[in-house]
Each structure stands twice: as C-alpha cells, then as structure tokens.
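Visitor: Below, each chain spelled out in residue letters.
Protein chains: 2
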Amino acid sequence: MNICIVGLGLLGGSFALGLKQQDQSYNFIGVDSNPNHANRALELEIVNEILPLEQAVVKADLTVLAVPVNALIAMLNPVLDLLPEQATLIDFGSTKELICRVVEKHPKRAQFVAVHPIAGTENSGPDAAFAGLLPQKIMIICDQEKSRPESVKLVESIFRQLDMRLSYMPADSHDLHLAYVSHLSHISSFALGATVLEKEKDEENIFNMAGSGFSSTVRLAKSSPDMWAPIFTQNSRNISAALDSYIRKLQEFKNMIDNQDEAASYELMKKTNEIRRILSGIDPK
Amino acid sequence: MNICIVGLGLLGGSFALGLKQQDQSYNFIGVDSNPNHANRALELEIVNEILPLEQAVVKADLTVLAVPVNALIAMLNPVLDLLPEQATLIDFGSTKELICRVVEKHPKRAQFVAVHPIAGTENSGPDAAFAGLLPQKIMIICDQEKSRPESVKLVESIFRQLDMRLSYMPADSHDLHLAYVSHLSHISSFALGATVLEKEKDEENIFNMAGSGFSSTVRLAKSSPDMWAPIFTQNSRNISAALDSYIRKLQEFKNMIDNQDEAASYELMKKTNEIRRILSGIDPK
Chain A
0 MNICIVGLGL LGGSFALGLK QQDQSYNFIG VDSNPNHANR ALELEIVNEI
50 LPLEQAVVKA DLTVLAVPVN ALIAMLNPVL DLLPEQATLI DFGSTKELIC
100 RVVEKHPKRA QFVAVHPIAG TENSGPDAAF AGLLPQKIMI ICDQEKSRPE
150 SVKLVESIFR QLDMRLSYMP ADSHDLHLAY VSHLSHISSF ALGATVLEKE
200 KDEENIFNMA GSGFSSTVRL AKSSPDMWAP IFTQNSRNIS AALDSYIRKL
250 QEFKNMIDNQ DEAASYELMK KTNEIRRILS GIDPK
Chain B
0 MNICIVGLGL LGGSFALGLK QQDQSYNFIG VDSNPNHANR ALELEIVNEI
50 LPLEQAVVKA DLTVLAVPVN ALIAMLNPVL DLLPEQATLI DFGSTKELIC
100 RVVEKHPKRA QFVAVHPIAG TENSGPDAAF AGLLPQKIMI ICDQEKSRPE
150 SVKLVESIFR QLDMRLSYMP ADSHDLHLAY VSHLSHISSF ALGATVLEKE
200 KDEENIFNMA GSGFSSTVRL AKSSPDMWAP IFTQNSRNIS AALDSYIRKL
250 QEFKNMIDNQ DEAASYELMK KTNEIRRILS GIDPK
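Sequence order for the protein chains is A and B.
Numbering-wise (numbering that gives the first Met the number 0), the first sequence opens with residue 0 and increments by one.
Numbering-wise (numbering that gives the first Met the number 0), the second sequence opens with residue 0 and increments by one.
A portion of the hints provided could be inaccurate.
When the alpha-carbon atoms are kept at most 25 Å apart in a straight line, the in silico SDA-like pairs for lysine to any residue are as follows [unchecked claim]:
{"hint": "1", "chain 1": "A", "residue 1": "Lys-200", "chain 2": "B", "residue 2": "Arg-164"}
{"hint": "2", "chain 1": "A", "residue 1": "Lys-136", "chain 2": "B", "residue 2": "Ser-214"}
{"hint": "3", "chain 1": "A", "residue 1": "Lys-270", "chain 2": "B", "residue 2": "Ser-223"}
{"hint": "4", "chain 1": "B", "residue 1": "Lys-19", "chain 2": "B", "residue 2": "Lys-58"}
Hints in this document: simulated from the structure, not taken from any laboratory.
A quick note: this is a predicted structure, and the numbers were derived from the prediction, not measured.
Okay, chain A solo, but in the shape it has when bound (with noise of 0.2 Å):
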C-alpha cells in the first residue's frame, strides 16, 4: 500500500515512523515544500522516496496532508481533484469545521476523512518526529457520516494499528472543545513566556529561577508560530470566548489577591486541585 504523505514534520513524520514499527510493508511517499525537509526525511528513513505532490497523490492510496492549517485550506481541493477514485485523503489539522466546509461541495468529498490526532510536541520539523508520538493517543474523527464508509473502514484500521483510540464528533464541537483544552494553553503559555520577556530584561534571571514551575508552564511558547498563528485565525471565534472566560477568570483571582482574601483564592484552589484527579490517568506524577 503506498501512503503519501504532505508535510514530512513532527506529525507528519511521526505518523510514518509509528506505522513503519508495525508493519513494514507500507510504502511511504513524501512531499514537503521545504527541500530541505524533503531530504532530511529520505535520510531518517521517515519516507521511502520523495515526489512533487501531483506525482505522489496519483501513486498513493491514502494521502495524509500533515501541513499548517492555512495550507490545508488552499491544498485541500486541488489535491481532492487529482485524487485517484479508489484513494482515500486524510488531514492532521487542528481545525475542523472550515476544514470541512471548504469540501464540503467537491464530487470527491466522501472520499475524505477529517482527522486530528490528539498528540504533539512544542518541536517541529522532521527532527522533531518520532514513533512513539501516537500510539496510545486519541484521534478525533469529524463528520464521519460525510465520508464513504469504506474510506472510513481503511483510516480506523490504520489508527487501531497505531494503537490509537477513537474519538467521534462533528467538526464544530471539535473546535469548541480544542479551544478551551489546547488552543487556550497555548496562549496561555505564549502571553506568560511574552510578559516575563518584556519585565525580565536579564535572561540569567528567567534562567535561574525557571525551576519553581515556569518551564513546564511557558513549554508550549515554544511552539512553531507558523502552525499556530493560522490555527487561531480559523478557530478565532471560539478561542476568543474561551479567552474571554480565562481573563475573566484571571481577573476574579487578582481581586481575591487585592483584597488579600485568603479564603477565597484558598477555595479557588482547592476546587482546581480536581485536575489532578481527572489528568490521573495521562500525567499520574
């Protein structure tokens, strides 16, 4: 089976090493507009040949577009025309509901999954890949009664062979609830990492003194903003109401702390400890 994969990065890469551990039978075409990240994953046997995209797509039986979400949008229809009838077109985006509606009229539209895995790391870049990323990790399926069930069949067979589990839910909810559960984090981070950039002027300072928990907080402000900035764009409605809420939130706490009632932010606190119950089972530590 000849799987075509768009954009050789973390999760794109990922994607191919995880398979290739379980089945070497597959063979994986790879394109990725940097040449330099075409080459690098021919040389971490991420892919087994590079093609320009037109070549690859004709060849494989699925195609996974593994490519910022702005790209995806401007690729999703053109690589739909050239699919092969019997062939099967995947995205890893972070997005779904303009994923969904930009499809939405193409003839071929059935013979595409939406799909994102619930996986990622702060790095990028084919260097970045490795196969454990996804085993044991969720993959959200979107709108899958839009897509041909045999299509369906051959993508979940492929994510339970990655040891995935499945997740089933329409495109706008998945947006809805990436907002508050990622998207939102992700901010969260870059704003905190922002605002001690701009007071710590003395980068031994922020170096120091990291230890009492601001490196795991300001982790994801290591991000790649050339996939995030067009996510939030996409996803801006929701994300803007799950910020809203958050500084809402932030607001509440500092007047606790204004007006040194103790009691209060004690109370706030105590209630937020739940987390630790519910994450148990992903970070037990």
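Assemble chain B onto chain A, guided by the hints.
Guide: Structure of chain B alone, referenced to chain A:
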C-alpha cells in the same frame, strides 16, 4: 551535627534526604504539627527522631523552617527566642520581604539567614520528598549582610554539599522576580484549570483532549492551596502588577485573534520563542 527540620513536607523532607545521601553523620530531628506527617517521615527515614518544637530547636545546631509562609510569620520570632546562641536558623519560604521584616528587630536577627530554594513539584507532604529535588538547583540567599558571617558560612557549606548553586539578592528583588517567574505561573495555571473545569462539564473530554499541551500547562494547578494562598497574600503587590501585565498581554493577543491579524500574532509568538534558548539549560527537550 543536629539539624532540626520544622515541616516534613516536600521541601523539608527533600532537604534531609538529599543531605543524608551526601553525609551520614547528620542527625535529623523532625517537627510537624501533623502527627501523620511526623510518623510518615520517620517511616521514610527522612528524620532520625521526632520531637516537640521547643525541645527540637534547643537541641539543634541548625533549624530549618519549611512550613507555609503564613505559619512562618507566626513562628519566626518564637523560634528565634528559643534558638541557642551558637545555632543558626533558616527558612525556605517563597516570599522574603515580609519574613525579613518581621525578624528585623529581634536581638538574634544575625543568627537567621533568609533563603529560598528554587525547586518544587506540584506534590506535597513527606511522600512527595526525594533526595534529587535540590541538587543542582538555585538557592537564593537574601539580605545576607544582616546575618552573622558564621551563620552564612554554615548554610553556604551545607547548600554546596547538596550541590546547589548559590545566588544572592535583596529580599525585595527576590519577591519581585519570583512574582513573575514563579507566582504568576501558578496563577495562570490555576486560572486555566478553573476555566476549563467550568466549561467542560464532561471530564472525559478533558481527559481525552489533554494530550495537546494542556497537561503541562495546567500541572501547577495541582499545587497545594495551603502553601500558595498565603504566598499570594504576602506578595500581593508584586503579583498584582505581574497579573496586570499578563492580562494586558492576553488582551493584546485576543485583539490580534479577533481582528484575524495573523501577522501580529505570528510576530508575538516568534519573539516569545526566544524562551526556548533561555531555558535550554533547564529543559533542553
């Protein structure tokens, strides 16, 4: 040498365990107002014996106060009253300005050295303690000119034995820096956890989607309110200013997203990526 540790939690316990690993000759006397913690610390061999505060302090060459900062304020002067003439007192509080102020006029002020180890986890209690917490971390020593040279030398030699890196600063600078690099991280994390818990009534959703960076950003929201509520009160002025800057930055970010100004949000993130280089010594991944 007898070392009395008041508060057998994460920091007090890790200090004893770390030091024991370097040097078997210390005798650790434990004090804890919670008898379960005291017993557990004996079981875990964190301390060699448990005594009431009054008996422990008079027997010790060095007394370490490793309790929440509200308990510290209440305890500092009475413990200094008890302190033998040749002995030294230190505290591990996360705030330093008020702590130094309350002992300012005490006749034994010079026997007290105000320190703060820049290390911690989101866990608390004797079971959270481990020998590796303090080695290679920063120990900040505040207002050391107000302590007698023998006491400063004693604690410096112990911290070096623990392989800690020493840093010196005035108590007010300490509180200002920590507001940004530590206290703000905790508040942003608690506020994020509270926002998501309010929005996502279905815990399954949080658990399933937390892969996307949420768990590291929210890790500090598992921290102990008993420890943090009084820190926020004692450092409220600096924290309030830090929170104002943070909320302004979030609002600025939100405006970019609302206006779909991708170039501006890209630029903000690109600049903040600088944090990767600064933290690379701490968290090279």
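Visitor: Confirm or reject each hint.
Guide: Checked hints:
Of the supplied pair hints, the one linking Lys-200/A and Arg-164/B holds, its CA atoms being roughly 21 Å apart against a limit of 25 Å. For the suggested pair Lys-136/A and Ser-214/B, the alpha carbons sit about 13 Å apart, so the restraint of at most 25 Å is met. A threshold of 25 Å between alpha carbons decides the hint, and for Lys-270/A with Ser-223/B the separation of about 11 Å falls inside it, so the pair holds. Using a Cα cut-off of 25 Å, the hinted pair Lys-19/B and Lys-58/B holds, with the two alpha carbons roughly 19 Å apart.
Checked against the numbered hints above, the structure breaks none of them.
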